[in-house]
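K.L.:
Sequence order for the protein chains is V and W.
Take the first sequence: its position 345, counted from the start at 1, is 344 in numbering that gives the first Met the number 0, and no numbers get skipped.
Take the second sequence: its position 33, counted from the start at 1, is 32 in numbering that gives the first Met the number 0, and no numbers get skipped.
Honestly, the hints are just simulated from the structure, not real lab data.
Idealized CB from N, CA, C, for every residue including glycine.
Be aware that a few hints might be false.
Listed below are the simulated DSS-like cross-link pairs for lysine-lysine, each with C-alpha atoms no more than 30 Å apart in a straight line [as the list claims (entries may be wrong)]:
| hint | chain 1 | residue 1 | chain 2 | residue 2 |
| --- | --- | --- | --- | --- |
| 1 | V | 71 | V | 157 |
| 2 | V | 393 | V | 291 |
| 3 | V | 393 | V | 157 |
| 4 | V | 291 | V | 114 |
| 5 | V | 393 | V | 436 |
| 6 | V | 157 | W | 25 |
| 7 | V | 342 | W | 25 |
| 8 | W | 25 | V | 291 |
| 9 | V | 291 | V | 157 |
| 10 | V | 291 | V | 339 |
| 11 | V | 157 | V | 339 |
| 12 | V | 71 | W | 25 |
Facing chain W, a subset of chain V residues (Cβ under 7 Å, in silico) [claimed, not checked]:
| hint | residue |
| --- | --- |
| 13 | 45 |
| 14 | 46 |
| 15 | 132 |
| 16 | 172 |
| 17 | 408 |
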Amino acid sequence: MVVAVTKKNADRLSAFATAALALPGVSALAADPGYRSDDHVVSYNRGDYRESGDRMTINTDQVTITFPIGEKFEGSLNAIKDVTSGASPVVNLLNADGSAEQVLQSGASIRDERKVYDVGLGYYDDDWYLGYSMGRSREDDYESDYLSLDYRENFNDKHTTLFLGISYSTDEVWNTFDPTSLLDEPTVVEERRKRELMVGVGQVLDRNTVVQFNLTFAHYFGSLSDPYKKVHVVEEAGINEFGNFDVARALNTLIDNGFISLLNDTGVSFLLNNAGPVTIPEIANELFGLVKDSRPRERDQWIALFRASHFIESNNSALHFDYRYINDEWGANSHTVDIKWNKDVGNEWIVAPSIRYYSQSSASFYDIYFESIPADGYLTSDYRLAAFGAISAKLEVVKLLYDSVSIRANFELYTRQHSFAFDGAGNGDGLDDFRAKLFSLTIDGSF
Amino acid sequence: MKAISLMLKLAVIMSVTVLAGCTVNKVAPWERGNLAKQVMVRGGSQHMGLEQHFYASKETTSGGYSVGAGGCGCN
Numbered sequence: 000m001v002v003a004v005t006k007k008n009a010d011r012l013s014a015f016a017t018a019a020l021a022l023p024g025v026s027a028l029a030a031d032p033g034y035r036s037d038d039h040v041v042s043y044n045r046g047d048y049r050e051s052g053d054r055m056t057i058n059t060d061q062v063t064i065t066f067p068i069g070e071k072f073e074g075s076l077n078a079i080k081d082v083t084s085g086a087s088p089v090v091n092l093l094n095a096d097g098s099a100e101q102v103l104q105s106g107a108s109i110r111d112e113r114k115v116y117d118v119g120l121g122y123y124d125d126d127w128y129l130g131y132s133m134g135r136s137r138e139d140d141y142e143s144d145y146l147s148l149d150y151r152e153n154f155n156d157k158h159t160t161l162f163l164g165i166s167y168s169t170d171e172v173w174n175t176f177d178p179t180s181l182l183d184e185p186t187v188v189e190e191r192r193k194r195e196l197m198v199g200v201g202q203v204l205d206r207n208t209v210v211q212f213n214l215t216f217a218h219y220f221g222s223l224s225d226p227y228k229k230v231h232v233v234e235e236a237g238i239n240e241f242g243n244f245d246v247a248r249a250l251n252t253l254i255d256n257g258f259i260s261l262l263n264d265t266g267v268s269f270l271l272n273n274a275g276p277v278t279i280p281e282i283a284n285e286l287f288g289l290v291k292d293s294r295p296r297e298r299d300q301w302i303a304l305f306r307a308s309h310f311i312e313s314n315n316s317a318l319h320f321d322y323r324y325i326n327d328e329w330g331a332n333s334h335t336v337d338i339k340w341n342k343d344v345g346n347e348w349i350v351a352p353s354i355r356y357y358s359q360s361s362a363s364f365y366d367i368y369f370e371s372i373p374a375d376g377y378l379t380s381d382y383r384l385a386a387f388g389a390i391s392a393k394l395e396v397v398k399l400l401y402d403s404v405s406i407r408a409n410f411e412l413y414t415r416q417h418s419f420a421f422d423g424a425g426n427g428d429g430l431d432d433f434r435a436k437l438f439s440l441t442i443d444g445s446f
Numbered sequence: 000m001k002a003i004s005l006m007l008k009l010a011v012i013m014s015v016t017v018l019a020g021c022t023v024n025k026v027a028p029w030e031r032g033n034l035a036k037q038v039m040v041r042g043g044s045q046h047m048g049l050e051q052h053f054y055a056s057k058e059t060t061s062g063g064y065s066v067g068a069g070g071c072g073c074n
């Protein structure tokens, strides 16, 4: 929301936030002043993410620089590097009791490095702003090129702001073939596209309150399946013909006893997968009914977002409220509520607790496992397409130093549970539940 | 094109609705000091970008705050 503040009376922390608005994926926030900073701003962020059960660990480093160009332009450069390690669920298998058990990627830990570079250029006029950004994200098994246009215009005596945004990304996704991993398949490169169009309106309601409403249409097309995920289909498991078999135990035993490693170390895996009559994934399919994740090649989403920010004069604090509803063509509709209370506690300190609740229903072709392959061929057991809810408890602490440097620490405890989803949200199970901790430290400096 | 047309119509409807409901409460430029307070900024952009990236990799629906981020092969 662009409000009429001058460079003089705007707070330094606001300047830090505004300077980084050009970052892709970061919102134009309802209460942010829309002016160009005359300072150069350098920001560094270090993030640390850890999941329960020794699953994923991610370390992130990010550097952002924004700088004025001439009287009306602003440029930005942004670089991110993150390193992911750990294990991720691959498939749910049935045990002797007939209930599902999760099998994590095994034989080799996941280790992936992602590098992101983007540049932005913005033009500030008295009542409007136009920004352009483009970037590239590169991983061991994914590459994304993206660009976006962002337009904002004030009218109605600067009480109202219109937001328009359009973006396009073209991605390539492939599976890294690691012969030490049980279920890896020969590499296949696929393409994936995303288009987004957003319109929004921000409004100053009174001297303490601003609101914003955004509507976004997102269209995905191309290969939207996950090349690493598998689905257990009972009818496809040939081993079941020999009686009621504990598939989960059989597979885990093969892994735990080093049988898979032996195949890899002796070169048998390599021969089978490259020159043999059948590959290991084909054997796994025939014996254990492990079928590749398969999703429709198109997906539309409508996203409605309402935001409100209210300044509380009596205690020098502000309440921020977000509600988001996403209508998903695949059936995974979601609700998100985010409430944050920013409290100025004096001496340039801000303490901000917040809480977030997210609930999604399952995709129409999701299940924990399948008895048979559906007629349309679409099936997934990816835990991200299940019905679940997640609650986050968050805390932010900010300290402004020397009028030109700020330090910001953020902590989040994220708890994901199937039972947190709204009633009737669809298929899911507690076996996919986990907790995660996210800690990040940001230092901003202007000169 | 159908989606673009619908979006533009919705934008006009939203704008008219907001304007109709809010023009009575004029806030002069010198009355906007509170709106520019530090606490009215929701948070740091870098952390919010990190947070949204994390949510997008664990939840199948995401976005709506802005446009322009690239995809990822997150697990």
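K.L.:
Are the hints correct? Go through all of them and say.
P.N.:
Taking the hints in turn, this is what the structure says about them:
Among the hinted pairs, residue 71 of chain V with residue 157 of chain V is consistent with the structure: their alpha-carbon atoms are about 19 Å apart, no more than 30 Å. Between residue 393 of chain V and residue 291 of chain V the CA atoms are separated by roughly 37 Å; this puts the pair beyond 30 Å, and the hint is violated. Simply put, residue 393 of chain V and residue 157 of chain V have alpha-carbon atoms about 33 Å apart, too far for the 30 Å limit, and the pair is violated. In summary, the hint linking residue 291 of chain V to residue 114 of chain V is supported, as the alpha carbons are separated by about 28 Å, within the 30 Å threshold.
For the proposed pair residue 393 of chain V and residue 436 of chain V, the alpha carbon gap of about 10 Å is at most 30 Å, so the pair holds. The straight-line distance between the Cα atoms of residue 157 of chain V and residue 25 of chain W is roughly 10 Å, inside the 30 Å bound, and the hint therefore holds. Between the alpha carbons of residue 342 of chain V and residue 25 of chain W the distance comes to roughly 27 Å, so the proposed pair stays at or under 30 Å and holds. The straight-line distance between the Cα atoms of residue 25 of chain W and residue 291 of chain V is roughly 59 Å, outside the 30 Å bound, and the hint therefore fails.
Simply put, residue 291 of chain V and residue 157 of chain V have alpha-carbon atoms about 54 Å apart, too far for the 30 Å limit, and the pair is violated. With a C-alpha separation of about 41 Å, the suggested pairing of residue 291 of chain V with residue 339 of chain V is violated against the 30 Å cut-off. Restraint check: the Cα-Cα separation between residue 157 of chain V and residue 339 of chain V comes to about 26 Å, which is no more than 30 Å; the hinted pair holds. Taking the CA atoms of residue 71 of chain V and residue 25 of chain W, the gap is about 28 Å. The hint holds against a cut of 30 Å.
With a cut of 7 Å, the hint placing residue 45 of chain V at the interface with chain W is violated, because the nearest CB-to-CB distance is about 10 Å. A least Cβ separation of about 5 Å between residue 46 of chain V and chain W falls short of the 7 Å threshold, and the interface hint therefore holds. Using the Cβ-Cβ criterion of 7 Å, the hint placing residue 132 of chain V at the interface with chain W is satisfied: the shortest such distance is roughly 6 Å. Taking 7 Å as the C-beta contact cut-off toward chain W, the hint placing residue 172 of chain V at the interface holds, the least distance being around 6 Å.
Interface hint at residue 408 of chain V: violated, since its Cβ lies 9 Å from the closest Cβ of chain W, which is beyond the 7 Å cut-off.
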